[in-house]
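J.: Chain residues, written in single-letter form:
There are 2 protein chains.
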Amino acid sequence: MAEVEAALYLIPVNISDAPLESVLPSGNTAIIRGIRHFIVENVRTARRFLLRCDRTFDIGASEFHELNGHTDLREVSSWLEPLRRGEPVGVMSEAGCPAVADPGALAVSIAQREGLKVVPLVGPSSILMALMASGFNGQGFAFHGYLPIGEDERRKRVRELESESRRRGMTQIFIETPYRNNRMVATLAETLRGDTLVCVASEITDPERESIVTLPVREWKKREYDYSKHPTIFLIYCGG
Amino acid sequence: MAEVEAALYLIPVNISDAPLESVLPSGNTAIIRGIRHFIVENVRTARRFLLRCDRTFDIGASEFHELNGHTDLREVSSWLEPLRRGEPVGVMSEAGCPAVADPGALAVSIAQREGLKVVPLVGPSSILMALMASGFNGQGFAFHGYLPIGEDERRKRVRELESESRRRGMTQIFIETPYRNNRMVATLAETLRGDTLVCVASEITDPERESIVTLPVREWKKREYDYSKHPTIFLIYCGG
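One line per chain: the protein sequences are A and B, in this order. Residues 1 to 240 in the working numbering are what the first sequence spells out, letter by letter. Residues 1 to 240 in the working numbering are what the second sequence spells out, letter by letter.
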């Protein structure tokens with residue numbers, strides 16, 4: 001087994017069917033090979049990912065702890081025991097970069113509180129890649145996670161983001177549960193001003209299905225689309 | 001020369017002395033090899049990066065346009081001519097992911113306006129990697145670029161970000177010109193509340209010098225540090 005420096009490694013996971021070599025640095029695999037303790041959002045997808053990185057990965061000799069909505073959060077600190085005694089620990093979310101839009105940040109905050117070393121690895125972030133490809137202001141932006149589900153609150157929130165973008169020139173980014181994506185596009189088209197720009201970035205890094213389209217709201221009103229069940233990022237921008 | 005689909009490729013550039021294979025997917029190089037038209041923040045660093053990716057890269061047969069503070073922005077559209085006739089074009093910033101904290105977004109917005117395909121590639125983003133490793137809320141965050149230089153305005157702005165983080169639970173991220181980094185840490189330590197958390201993330205991806213430290217303001221006051229001239233990201237978080 002490879003020697004890897006003791007640290008909490010934040011390991012990005014492929015977010016699409018793209019070949020690993022087009023979305024992850026090969027150096028990540030070298031580090032993964034030296035880790036036997038993992039904090040993961042979902043054990044099954046984590047194991048599958050490790051084997052995709054290295055078909056000979058010793059899953060049986062590895063330890064997995066699930067950090068998600070069902071976790072007793074008082075347990076998390078104990079999962080860093082290997083790191084405290086000098087062994088590397090890995091953190092993986094279901095998809096993309098851990099500790100961004102998933103519960104992994106809790107493990108990181110405990111490590112930081114104790115002065116343990118934290119090392120983020122490079123990988124695909126659909127939030128950042130959507131921002132890059134939108135053509136919107138990347139010198140000021142805000143990510144809001146999920147917006148409210150109720151239609152009235154949602155329209156109100158979407159209008160707030162539009163006026164915030166107009167006032168401060170910042171790109172406003174958010175996500176939606178994939179089966180509600182079409183409803184979100186409709187809400188944006190019906191609610192925002194005609195000249196406000198909306199970027200819809202879907203299936204990022206997928207070699208066949210990636211689609212990143214920026215249009216003014218008045219064009220979205222006329223356009224046909226189907227983003228249902230496709231992982232998608234939404235961006236609003238006024239100004240510039 | 002490799003055949004690469006016609007698109008505007010957003011090509012991340014190494015932000016440290018790290019070996020390429022630890023920060024960039026090998027697939028990026030395969031795409032770069034098929035591109036002969038580039039829009040870059042700085043021609044010299046762009047050429048050096050291309051040769052680092054592939055020592056045999058045909059620089060002489062390639063065309064470079066500089067998009068930075070000195071550019072006549074009316075020219076930018078004409079640099080997309082190759083793409084309009086079906087040839088790939090690459091965009092590179094000085095360091096990190098293009099079109100985020102650099103002028104490359106203008107080229108992307110023109111491509112989007114004309115319905116030309118835009119493809120972001122995976123690479124190191126110090127903003128996102130700092131957020132991952134901070135342990136702060138990644139489900140809501142804002143990036144503000146540079147803060148004001150004047151001491152009074154700066155303190156005021158820093159306090160605004162602190163209260164925004166407290167009110168909305170969002171991580172607040174910003175950068176500083178590297179030679180002013182120490183002054184920024186001092187400003188944060190003197191201005192913010194003792195229990196507000198500050199993460200200072202420096203030399204991200206550098207195998208020797210990377211340092212990502214989260215501490216409450218009261219600890220930063222006592223701590224010795226020297227971030228002068230080291231590329232650094234600052235993050236503020238209250239709550240959680």
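These are calculated hints, taken from the structure and not from any lab test. Among the clues, some could well be false.
Because identical chains cannot be distinguished in the list, a pair is counted as satisfied if it fits within a single copy or across any two copies.
Said to hold, decoys possible - Capping the alpha-carbon separation at 35 Å, the derived lysine-lysine pairs in DSBU-like fashion look like this:
1. K156 / K229
2. K229 / K117
3. K156 / K222
4. K156 / K117
J.: If the cutoff is 35 Å on CA atoms, where do K156 and K222 land: within, between, both or neither? Let me know, please.
T.: Answer is within: at 23 Å inside a copy they meet the 35 Å cutoff, but 45 Å across does not.
J.: Is it within, between, both or neither when you check K229 against K117 at 35 Å Cα-Cα?
T.: between (38 Å within a copy, 22 Å between copies)
J.: With 35 Å as the alpha-carbon cut-off, assign the pair K156 and K229 to within, between, both or neither.
T.: within (24 Å within a copy, 44 Å between copies)
J.: Treating 35 Å as the Cα threshold, decide for K156 and K117: within, between, both or neither.
T.: between (42 Å within a copy, 32 Å between copies)
Hint compliance for this structure: every hint is met.
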